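As you go down the protein sequences, you meet chains A and B in turn.
One gets the working numbering by counting positions in the first sequence from 1 and adding 82 to each.
One gets the working numbering by counting positions in the second sequence from 1 and adding 82 to each.
Just so you know, the hints here were simulated from the structure itself, not pulled from any lab data.
Here the structure is a predicted model, which means the values were calculated and not measured.
Incorrect hints may appear among the rest.
Where chains are identical, the list cannot tell them apart; a pair therefore holds if satisfied intra-copy or between any two copies.
[Unchecked claim] Below, computed lysine-lysine pairings styled on DSSO-like, alpha-carbon distance capped at 30 Å:
id	residue 1	residue 2
1	Lys231	Lys142
2	Lys403	Lys142
3	Lys165	Lys211
4	Lys142	Lys393
5	Lys329	Lys393
6	Lys338	Lys383
7	Lys296	Lys530
8	Lys231	Lys324
9	Lys296	Lys338
10	Lys393	Lys421
11	Lys145	Lys421
12	Lys211	Lys110
13	Lys421	Lys338
14	Lys530	Lys507
15	Lys409	Lys142
16	Lys403	Lys145
17	Lys443	Lys110
18	Lys329	Lys296
19	Lys165	Lys324
20	Lys554	Lys542
Protein chains: 2
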Amino acid sequence: MENPSQKPDQIPSRAENFSEWYIETIRKSDLADYTVVKGCMVIKPYGFGLWENVRDALDKRIKDTGHENAYFPLLVPESLLLKEAEHVEGFAPECAWVTHGGGAELEERLAIRPTSEAIICSIYANWVKSYRDLPILINQWANVVRWEKRTRLFLRTSEFLWQEGHTVHRTDEEAQEEVLKMLEVYREFLETELAIPAIPGQKSDAEKFAGASKTYTVEALMQDGWALQAGTSHNLGQHFSKGFGIKFLDVDNTEKFAWQTSWGVSTRLIGGAVMTHGDDSGLRLPPRVAPVQVILIPIYKAGLESALNEKIAAIVADLKKRGVRAKADLRDNHRPGYKFSEWELKGVPLRIEIGPKDLEKGTVCIVRRDTREKAFIPEGTVAETVDRLLVEIQADMLKAARAFRDANTHRPGTWDEFKTTLEEKKGFLLCPWDGTAESESAIKDETKATLRCIPFDGGKAEPGDVDIRTGKPAVARALFARAY
Amino acid sequence: MENPSQKPDQIPSRAENFSEWYIETIRKSDLADYTVVKGCMVIKPYGFGLWENVRDALDKRIKDTGHENAYFPLLVPESLLLKEAEHVEGFAPECAWVTHGGGAELEERLAIRPTSEAIICSIYANWVKSYRDLPILINQWANVVRWEKRTRLFLRTSEFLWQEGHTVHRTDEEAQEEVLKMLEVYREFLETELAIPAIPGQKSDAEKFAGASKTYTVEALMQDGWALQAGTSHNLGQHFSKGFGIKFLDVDNTEKFAWQTSWGVSTRLIGGAVMTHGDDSGLRLPPRVAPVQVILIPIYKAGLESALNEKIAAIVADLKKRGVRAKADLRDNHRPGYKFSEWELKGVPLRIEIGPKDLEKGTVCIVRRDTREKAFIPEGTVAETVDRLLVEIQADMLKAARAFRDANTHRPGTWDEFKTTLEEKKGFLLCPWDGTAESESAIKDETKATLRCIPFDGGKAEPGDVDIRTGKPAVARALFARAY
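One chain only, chain A, in its complex shape:
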């Protein structure tokens, strides 16, 4: 996994080729790679360490809002998928099918779950009998498979990891409250942990989840001006409860169909973090989720190797004791410059260099990955400086991402301006929309921009607003963008 040459592999610049930059950054920073299995990736230890931090931060929030984890079967009998018409129409084309098991052909083929509504609803139907059994507030961390023709590491792979919440409620109001609560959990989590300022809003009918009555989303803007759907929360209404017979005896002693929600985020968030924060030197990871927060690198001089190693070991031990994810790079087959580039590529938020002069003076050199700002500080202040800088970097990265998003959110006044803006600047385009699928699909056909959402903030139509494409009276202001 090491490179014996003097410099780490180079990555293309973002301006040159954003897509190549993205893939090569991920591969060369050891986050993930393609495999011989078409469309399936390996998440390497460095990438999985990042995912573990992301997962744990979200898992805590999911539990703090009253949910519990459970585990449901991977395989979904075809007959179950067929029970909700829109759902099967949406997912059957991307299913991977198991047709043989234990040396024999199966009587009924089984889909590898593309999402788990069907299998989970078939089980919930047995669990729910009385209003006292509600709400059911369950989440699952799992792998899912959706057969993809074109794949891209983290963003679109045939197998990916995710969490899927599946809840059941007594009333529509309760379900809707849950849907919005979890969307807000996602928004806050993205902002706090991944420094991604995502825009919450509602999807149009055309972009809804297959089988949902309403879908909400958090939409993020990548550095190439493309949007990324970072998480979704669905109000399933009674679509699945009617299909699967999830009924309960209510307080008033009448039998009713339950109200349901589902919500999920996936490993594509890792791709979102890469494209939100990375630069031409590679990753820049938000400190709160970075697998390594501080990398310590000795500048060796003959005779001083063990003194430097000892000093570094002491600092690493001290930082670790304080809960900082610190690591030393003591390899003797690479020069410091090589190591600097490699850990920059890996996006470690802080680098500490210690050389012979530092030993003498009792100092260290500390370098921020985000701004490359460099400072010499007394050895005794390392711990407090690291604590402070990690918080600062996290805040500054969010600030920078928010500034980029705001600078790239446009409000074209005419259809021509819409097209020019999209062509020349990309980004988010916030425009009045007449609420019809016709206008939405005309915009998509002519520009490849899709309706990302009607944002909670700024999505209301003002008096006199007319649809950017059709000129008809607008019912909302919608956010359009080309999207991953």
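On the provided structure of chain A, position chain B as indicated by the hints.
Below, chain B without anything else, positioned relative to chain A:
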């Protein structure tokens, strides 16, 4: 999920029908249940909470011994499985095969991983070039599928959850050291966390993992006298590195095949904990992994409901602050007796009852699940008493399990005694063995007892030892039992 009647569902006694007791205990305590998908279970929130504690405790040990987690593809092309002859022979018959994806038939069918050696080795072959790339110390938490005709919750299901470590080393010695290190991690983890005193040892050639050069195991004894293989650690030698071309340039500048190991434990550990500790009232969970360690139940009296609820809320909050997993059962549609039975069934280590008299006297009643011992203690000593009792219960459960195991480990002197002992007492039978597959399979055919392992402790043949079945000179003393 509640039962409106006055008593929770009954379970059969262990003596009556151990197998039924096992299944009904798991279903009625809400650990898990069967689903419409043949052979696949749903792990319910209570069972998954238990698994999360087990998983986290083991994950910490896996990381503390220098391993990192990663994630490899679910799907394994058939051509990869074929690269190691014994491996494919062992696993192909139990594979589930994906033959269609994205609406089309696949050119090559894909197995859902029954274990990941094949897919991981195909990837390691690209990662390993120099001795500097070694060792690779990686673990994966994942789901696997092995098609099973007869299934039993947790013990044998077509899909199960597990961790699988896959390591690559420069030398045979290093690999062997890793294999034994991880076996010891399992043994210590089982003893410390699950209070299961497992016996470490080596498998015979007949019981080896398909493709391994040596397999080691930790074997536990269940209350019905049957053995359970609780975890295995394999020295894979160069079998896979030769099949998959995992080669490296060594220090001496020659190219060599690497040495590998793999090791795993699975959700069957939950079944092992149930069968080691449960009694006729249901589960008895070891405090260290119990999802709920203390359940608080009010004995309501008209007019005192809110005073009791407040008192209980204060104690729960205090216990939680100290890291104790405490929970209150304030349901108003069940009597205290019903709740007592239900939480006994769920195996919660400690129960605290608070009634009107306790309010008056400033006391609570605390009851151990393992011994049913009951004590009235001053309210102010609850926290310290809980801390102390949880440690005591954990230790006492291990002590009881070890005493049971020792009492049920027999040393028959003759073949007739072997058969009688197995028939009448079951348990472990430690006997001299001549080291041949012939003797081993004759024993199995005649008694259904399999060779569980040659234990590290007590597995050496003494002078004059002769095989229990053939009378030929013995090479070891082996542990036999009927096994799950």
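These are the hints, each one checked on the structure:
1. Proximity of lysine 231 to lysine 142 under the C-alpha cut-off of 30 Å is found in neither arrangement, the shortest distances being 35 Å within a copy and 38 Å between copies.
2. Both within a single protomer and between protomers do lysine 403 and lysine 142 lie at most 30 Å apart by alpha-carbon distance, with minima of 22 Å and 16 Å respectively.
3. In this assembly of identical chains, the alpha carbons of lysine 165 and lysine 211 lie at most 30 Å apart only when taken from the same copy (20 Å versus 51 Å across copies).
4. In this homomeric assembly, lysine 142 and lysine 393 come within 30 Å of each other (Cα to Cα) only across copies, at 27 Å, whereas the closest approach inside a single copy is 36 Å.
5. Within a single copy, lysine 329 and lysine 393 get their C-alpha atoms no closer than 66 Å, and across copies no closer than 37 Å, so neither meets the 30 Å cut-off.
6. When the C-alpha separation of lysine 338 and lysine 383 is checked against a cutoff of 30 Å, the pair qualifies neither within a copy, at 77 Å, nor between copies, at 34 Å.
7. In this assembly of identical chains, the alpha carbons of lysine 296 and lysine 530 lie at most 30 Å apart only when taken from the same copy (23 Å versus 58 Å across copies).
8. In this assembly of identical chains, the alpha carbons of lysine 231 and lysine 324 never lie at most 30 Å apart, being 33 Å within a copy and 33 Å across copies at closest.
9. Taking identical chains as interchangeable, the C-alpha atoms of lysine 296 and lysine 338 lie at most 30 Å apart only when both belong to the same chain, with a minimum of 21 Å there against 59 Å between chains.
10. For the identical chains of this complex, lysine 393 and lysine 421 are intra-copy neighbours only, at 18 Å inside a copy versus 59 Å across copies, given an alpha-carbon limit of 30 Å.
11. Proximity of lysine 145 and lysine 421 under a CA criterion of 30 Å is satisfied inter-copy only: 24 Å between copies versus 40 Å inside one chain copy.
12. With identical chains, the CA atoms of lysine 211 and lysine 110 are at most 30 Å apart between copies only, with a shortest distance of 16 Å across copies and 53 Å within one.
13. For the homomeric pair lysine 421 and lysine 338, the shortest alpha-carbon distance between copies (28 Å) is at most 30 Å, but the shortest distance inside one copy (64 Å) is not.
14. When the C-alpha separation of lysine 530 and lysine 507 is checked against a cutoff of 30 Å, the pair qualifies only within one copy, where the shortest distance is 14 Å, while the shortest distance between copies is 74 Å.
15. With identical chains, the CA atoms of lysine 409 and lysine 142 are at most 30 Å apart both within one copy (26 Å) and between copies (18 Å).
16. Taking the closest pair of Cα atoms, lysine 403 and lysine 145 come within 30 Å of each other both inside a single copy (27 Å) and across two copies (16 Å).
17. Proximity of lysine 443 to lysine 110 under the C-alpha cut-off of 30 Å is found in neither arrangement, the shortest distances being 36 Å within a copy and 68 Å between copies.
18. Taking identical chains as interchangeable, the C-alpha atoms of lysine 329 and lysine 296 lie at most 30 Å apart only when both belong to the same chain, with a minimum of 21 Å there against 54 Å between chains.
19. In the homo-oligomer, the alpha carbons of lysine 165 and lysine 324 lie at most 30 Å apart inside one protomer (9 Å), although the nearest pairing across protomers, at 48 Å, exceeds that limit.
20. In this assembly of identical chains, the alpha carbons of lysine 554 and lysine 542 lie at most 30 Å apart only when taken from the same copy (16 Å versus 90 Å across copies).
Consistency note: the structure conflicts with the earlier hints numbered 1, 5, 6, 8, 17.
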